[in-house]
Amino acid sequence: MSARGAETLPSSGGNLEFLDIGGEIAALSPLQLFWRRFRQDRVSLVSLGFIGFLVLLAIFAPLVVDILGLPSPYTPNSNLTDSFGSPLGPSGAHPFGVDQLGEDVMSRVIYGTRVSLEVGILGTAIATVIGVVVGVLAGFYRGWVDTVLSRLIDVVLSIPILLLGLGIGAACAVRGCVNGTIQPGLGVIIFLITLVNWTYIARIVRGLVLSLREREFVDASRALGASNTRIMFREILPNLVAPVIVYATLLVPINILIEASLSFLGVGVRPPTASWGQMIASATPIFNTAWWYMTFPGIALLLTVLAFNLLGDGLRDALNPRTAR
Amino acid sequence: MSALVEVRDLVKHFPITRGIVIQRKVGAVQAVDGVSFDVEQGETLGIVGETGCGKSTTARLIMRLLTPTSGSIRFDGQDITNLKGAKLKAVRREMQMIFQDPYSSLNPRKTIGTIISEPFVIHGLEQGKGERRKAVQALMETVGLNPEHYNRYPHEFSGGQRQRIGVARALALKPKLLIADEPVSALDVSIQAQVLNLLRDLQSEFGLTVVFIAHDLSVVRHMCDRVAVMYLGKVVEVGPGDALYGFPRHPYTGALLSAVPVVDPSRHGVARHLLSGDVPSPANPPSACRFHTRCPKAQERCSIDEPELEDKGTGTTAACHYPLTREEVPEIGVRSSG
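Chains as they are written, first to last, in the working numbering: chain E, 727 to 1051; chain P, 250 to 587.
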């Protein structure tokens, strides 16, 4: 039967070897395919490079400050303010100028990278793990599990995070709440960010799982005797990696901005720890005389957020070739 | 010969619900509604019918991918209707399924090697990486794939090759029963024959019992010893292929057969017996004989009194009060040979 079928086919190059295309062609894994596309996206590569630079800057902040010959960010120096108390502008010794206390702004911007990346990456990581677990459970089991988790997401999404942050800040600023265990700072910020942001990931993952669980490979796995756990983590999870990476990358800048906002409002990181948002806040009253104090942390914040956003877009394009370019 | 699978009064209703938080049932899609048949050891049973008649649901019920609403399924003498956990897992080693859509039945994130070795991993067979790999490559060779493609991903294969991968995965556990759910309907016609012949060869090689589901009647004829015809969740006629194709008794079977295109110019112009109207909704099926709304031979009795499956004396068992007669069969253009 198949022989007759081959005869009636228009003869395109003699014998058609359907099954043996040649074992020499190297197989490309999805990761390799992704890298091939990503590599051609210059904007994303630059963003990735910039983020890599920021990470190194954060890790080696003391070293970098040392090499540049800057003072440590926590050394107030009253000699660096003029007779009216206004800080001095950018100069050879202090490229970004100094603040009201005579602390070096460049050194503080470099140290501020630590706070921003810590909040951005740690907050996103925790939110992503929670979001993926909740989303997979809701999407996979459906029914009442889905109803309970989805309503929980609705409830959490109605929490005004900035107001809650302000409230905690106001109530706990002096002596801390619950016997001093809750105090404004990095921990509270990461908690607040995680509290709200897992819901975005969970919603996306739930939707993806709802459609993935209907694919036949899930049935095939079940027919082979696979348990629910195995199906969720070995069959469905690998298919979620790409979209989750994209959304997580896009969450990082949001988290960095939330940290900056909360620090700006005085709830977040407390002085003397350097944070971009808090620097911008304390620069506001003296912007007329010391433009550099607000400008440089602002630029750092802008570039960081921009880099993560562009990287996220690039990842989405490279992981999802079907999206229009 | 003894029956490997005995299906009795199998019913599957999918509830139609309304409401978001508090769901209430407003009806049910009666996908499968009282189906009974046997699958004998070593035979190939074909199940045919239009889209939505419950063929695939029946297959998924036998595989226990769905839990029946009522009725019973016996496999190899054991009642598997309500098995759970380890016992169900043990039964699943004995029966496997080939899926309809080769583009959705393979996980796009896994290599072919991983996909085919999955049954071994789940059941703890062929321990050791080297041995597992050897077993997988042997399977790949059995189904006509190049074993060197072990590390490739599904997207690098054509539809026919993907279906072969699905076959290899299903055969890994050396099952007794293989359910093929429209295994070729998603493939190009030129590739269909290859996959069908592969299935036939493997069946004799492994001594498989096969339930073959299709809507293509000529494919079923090529593959099957016995054929069951389904309409709206019920079996309307069962019988050996020759008897059913030669002398269909149920008017629905007759209509299906006369709709098969015939490559024979001399028969051009021979009247076909075409059905009018659409298949009624399985959420609200017609009373008694479900075919009476479209049946050319329907009488008043057909809408009141439900016909039982009974031997019609010509080889097949049909559920009809007014079965086709020998004079009517050629009249409606059933092709008798081929």
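Treat the hints as calculated values from the structure; they're not laboratory data. Take the hints with a grain of salt, since some may be wrong.
[Stated by the list, open to error] Under 8 angstroms between C-beta atoms, here's a sample of chain P residues computed to sit facing chain E: (1) Ser319; (2) Arg341; (3) Arg342; (4) Arg358; (5) Glu367; (6) Ile371; (7) Leu374; (8) Tyr402.
[Stated by the list, open to error] Far from chain P, by Cβ distances over 10 angstroms, these chain E residues were calculated: (9) Phe764; (10) Gly778; (11) Ala784; (12) Leu789; (13) Leu796; (14) Leu875; (15) Leu889; (16) Glu942; (17) Phe943; (18) Asp945; (19) Thr1021.
[Claimed, not checked] Cβ-Cβ distance ranges computed for the label pairs, FRET-style: (20) E:Arg877 <-> P:Asn400: 42 to 50 angstroms; (21) P:Ile271 <-> E:Ile885: 40 to 48 angstroms; (22) E:Glu940 <-> P:Gly562: 51 to 59 angstroms; (23) P:Gly276 <-> E:Leu1029: 33 to 41 angstroms; (24) E:Val781 <-> P:Ile271: 45 to 53 angstroms; (25) P:Gly456 <-> E:Arg765: 49 to 57 angstroms; (26) E:Thr873 <-> P:Val370: 46 to 54 angstroms; (27) E:Val855 <-> P:Lys383: 49 to 57 angstroms; (28) E:Leu878 <-> P:Leu374: 39 to 47 angstroms; (29) P:Asp437 <-> E:Ile885: 48 to 56 angstroms; (30) E:Val882 <-> P:Lys338: 49 to 57 angstroms; (31) E:Val882 <-> P:Lys383: 22 to 30 angstroms; (32) P:Gly373 <-> E:Glu940: 24 to 32 angstroms; (33) P:Glu557 <-> E:Glu940: 34 to 42 angstroms.
Positions of the beta carbon are idealized from the N, C-alpha and C atoms, including for glycine.
Taking the hints in turn, this is what the structure says about them:
no. : hint                                       : result
1   : Ser319                                     : 21 angstroms, violated
2   : Arg341                                     : 4 angstroms, holds
3   : Arg342                                     : 7 angstroms, holds
4   : Arg358                                     : 4 angstroms, holds
5   : Glu367                                     : 6 angstroms, holds
6   : Ile371                                     : 5 angstroms, holds
7   : Leu374                                     : 11 angstroms, violated
8   : Tyr402                                     : 7 angstroms, holds
9   : Phe764                                     : 18 angstroms, holds
10  : Gly778                                     : 27 angstroms, holds
11  : Ala784                                     : 33 angstroms, holds
12  : Leu789                                     : 41 angstroms, holds
13  : Leu796                                     : 48 angstroms, holds
14  : Leu875                                     : 13 angstroms, holds
15  : Leu889                                     : 27 angstroms, holds
16  : Glu942                                     : 4 angstroms, violated
17  : Phe943                                     : 4 angstroms, violated
18  : Asp945                                     : 5 angstroms, violated
19  : Thr1021                                    : 46 angstroms, holds
20  : E:Arg877 <-> P:Asn400: 42 to 50 angstroms  : 45 angstroms, holds
21  : P:Ile271 <-> E:Ile885: 40 to 48 angstroms  : 25 angstroms, violated
22  : E:Glu940 <-> P:Gly562: 51 to 59 angstroms  : 45 angstroms, violated
23  : P:Gly276 <-> E:Leu1029: 33 to 41 angstroms : 59 angstroms, violated
24  : E:Val781 <-> P:Ile271: 45 to 53 angstroms  : 50 angstroms, holds
25  : P:Gly456 <-> E:Arg765: 49 to 57 angstroms  : 52 angstroms, holds
26  : E:Thr873 <-> P:Val370: 46 to 54 angstroms  : 34 angstroms, violated
27  : E:Val855 <-> P:Lys383: 49 to 57 angstroms  : 38 angstroms, violated
28  : E:Leu878 <-> P:Leu374: 39 to 47 angstroms  : 41 angstroms, holds
29  : P:Asp437 <-> E:Ile885: 48 to 56 angstroms  : 55 angstroms, holds
30  : E:Val882 <-> P:Lys338: 49 to 57 angstroms  : 38 angstroms, violated
31  : E:Val882 <-> P:Lys383: 22 to 30 angstroms  : 51 angstroms, violated
32  : P:Gly373 <-> E:Glu940: 24 to 32 angstroms  : 28 angstroms, holds
33  : P:Glu557 <-> E:Glu940: 34 to 42 angstroms  : 36 angstroms, holds
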